[in-house]
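Enquirer: Can you make the complete structure from the sequences, with help from the hints?
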Amino acid sequence: MKKWKRVWLPALSILLAGSLAACGQEQATGGSGGSTEDEVLNKIKETKTLVVGTDATFQPFEFKNEKNEYVGFDIDLIRAVAEELGAEKVEFVDTEFKGLIPGLQGKKFDLIASAMYITDERKKTIDFSDTYYPGGLAIMVKKDNDAIKGMEDLKGKKVSVQIGTKSVNFLKEKYPDVERVEVEKNVEMFLELESGRVEAVVTGRPAAKVYAKNNGTVTVLDEELTEEHYGYGIRKENKAFTEAVNKALQTLKENGKYQEIVEKWFGA
Amino acid sequence: MQLDFLVLFEGENFSALMSGLWVTVSMTFMALILSSCIGLVVGLGRMSSNRLFSSLSSCYLAWFRGTPLLVQLMILYYGLAIGMQIDLSASMAGVLGLGMYSGSYVSEIVRGAIQSIDKGQMEAGRSLGMSHWQTMRKVILPQAVRRMLPPLGNEFIALTKNSSPLSVITVSELMRAGNLIVANNFRYFEIYLGIALLYFLVNFTISKVIGYFERKMSAGGARG
Chain A
25 MKKWKRVWLP
35 ALSILLAGSL
45 AACGQEQATG
55 GSGGSTEDEV
65 LNKIKETKTL
75 VVGTDATFQP
85 FEFKNEKNEY
95 VGFDIDLIRA
105 VAEELGAEKV
115 EFVDTEFKGL
125 IPGLQGKKFD
135 LIASAMYITD
145 ERKKTIDFSD
155 TYYPGGLAIM
165 VKKDNDAIKG
175 MEDLKGKKVS
185 VQIGTKSVNF
195 LKEKYPDVER
205 VEVEKNVEMF
215 LELESGRVEA
225 VVTGRPAAKV
235 YAKNNGTVTV
245 LDEELTEEHY
255 GYGIRKENKA
265 FTEAVNKALQ
275 TLKENGKYQE
285 IVEKWFGA
Chain B
13 MQLDFLVLFE
23 GENFSALMSG
33 LWVTVSMTFM
43 ALILSSCIGL
53 VVGLGRMSSN
63 RLFSSLSSCY
73 LAWFRGTPLL
83 VQLMILYYGL
93 AIGMQIDLSA
103 SMAGVLGLGM
113 YSGSYVSEIV
123 RGAIQSIDKG
133 QMEAGRSLGM
143 SHWQTMRKVI
153 LPQAVRRMLP
163 PLGNEFIALT
173 KNSSPLSVIT
183 VSELMRAGNL
193 IVANNFRYFE
203 IYLGIALLYF
213 LVNFTISKVI
223 GYFERKMSAG
233 GARG
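Residue numbers (the numbering used here), protein chains in the order written: chain A, 25 to 292; chain B, 13 to 236.
Since the hints were made in silico from the structure, they are not lab data.
All values reported here derive from a predicted model rather than from experimental measurement.
One or more hints might be untrue.
[What the hints assert, rightly or not] Computed cross-link-like contacts, EDC-like style, restricted to lysine to aspartate or glutamate with a CA-CA straight-line distance of at most 16 Å: (1) 181/A / 203/A; (2) 196/A / 176/A; (3) 91/A / 24/B; (4) 190/A / 208/A; (5) 181/A / 201/A; (6) 91/A / 22/B.
Expert: As structure tokens, this is what we get:
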């Protein structure tokens, strides 16, 4: 029917305009293929920019301060890595955590730096750099407590854990003879320790480190209770880029810059 | 806990919220235009005697009303980029996604309003020598628009509030801007109350604008 054409045409043109705009953009961003070298490395060479996906709502790894700037451990470290890679600028793309892996695959950014654990599940879809920081659970004790060197010394002693966290199940399953004191909040856990009601606290290492740094009377033991490591997410096809990131991390560890950033955010 | 609403104005917090508000308002506004166009086309399509057009419209409605907005946004922004190398920008995907989603609801509003107009109106128009489309445009639609306004107001307000999934596709809209601030200073109550107020202001304005058009149109119409 002819008369419907008047309705059809505008509708079609809207859709067409949309898809055309889309194509135009693709050419603009993804135009650097063709050479034998890694696509991302080529792009960095050309634009001097590394585009990083992050969920900036996780202190102290990545968050935005009152000045609306990206700050945190991951932010500082990836800036240093980018410098090693020859990128003068780091562009952050802020998105919710569940958007990070699809965003990486969809080439919305070159790399994920967002306190992401390296897991076998995630490894099926993306690659990871070498770990740049150990996560997992750790033991926190008072600084003057020399009796406790590790998990074995906690048998029969009181240990504070936060309700509903990984620490609870970890102790239940592996160390049932440790007496658990389950509290509601992070802060209460630390208060229990400081007031001497418990011998130790079992919690996530990074959070414990931050508290130890701010507080000064407690310390975090080196023993790793569970092995979990943070790594940068990278697309599977960018093997050469992954290599380059690993090399950059290595360099930063050797020249002391890495240690500097760790101390800035987590204390010594 | 001590409440301190001044944190809303600390540093760049307020301007961050304002830019989030701007993103929300501008994107929903563009989506709203797209959704009205789609709604009109699909709504008319559902009533069309052209089998192809009407079944296409039915499919459109079934698909976009039958799947969650978040899923559609993920497909548009990430899915197309991964599966077909179609790299939409975040704002393009956002406007398209919101517009197409809301368009399916608007199409039913359009259809309902048109079908509520007495059959005799079309018969009268046709007997005056006007074509089907002419009658539709000059007689039926103007009357139907009046009946569309209240549910359209509902739909547009819902659209503004439903724009928060856009944060998953890297659009920093109002809710996301608020979450970023909360992640820094942990002032949940103050920040979220501030955001609620901003959403309220926007939606109150929309309802006032729709109300204005309703009054204007009923003044011109025969039946109030």
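Enquirer: Has the given pair, residue 91/A with residue 22/B, been kept, meaning a C-alpha gap of at most 16 Å?
Expert: At roughly 9 Å apart (the allowed maximum being 16 Å), residue 22/B and residue 91/A satisfy the hint.
Enquirer: Are the Cα atoms of residue 91/A and residue 24/B separated by 16 Å or less?
Expert: With Cα atoms ~5 Å apart, residue 91/A and residue 24/B stay inside 16 Å; holds.
Enquirer: Between residue 181/A and residue 201/A, is the straight-line Cα distance small enough, at 16 Å or below?
Expert: Holds, at roughly 8 Å.
Enquirer: With the threshold set at 16 Å, check whether the alpha-carbon distance from residue 190/A to residue 208/A stays at or below it.
Expert: holds, 14 Å
Enquirer: Sort out whether residue 203/A lies within 16 Å of residue 181/A, counting only the CA atoms.
Expert: holds, 6 Å
Enquirer: Are residue 196/A and residue 176/A close enough, with their CA atoms no more than 16 Å apart?
Expert: holds, 14 Å
Consistency note: the structure conflicts with none of the earlier hints.
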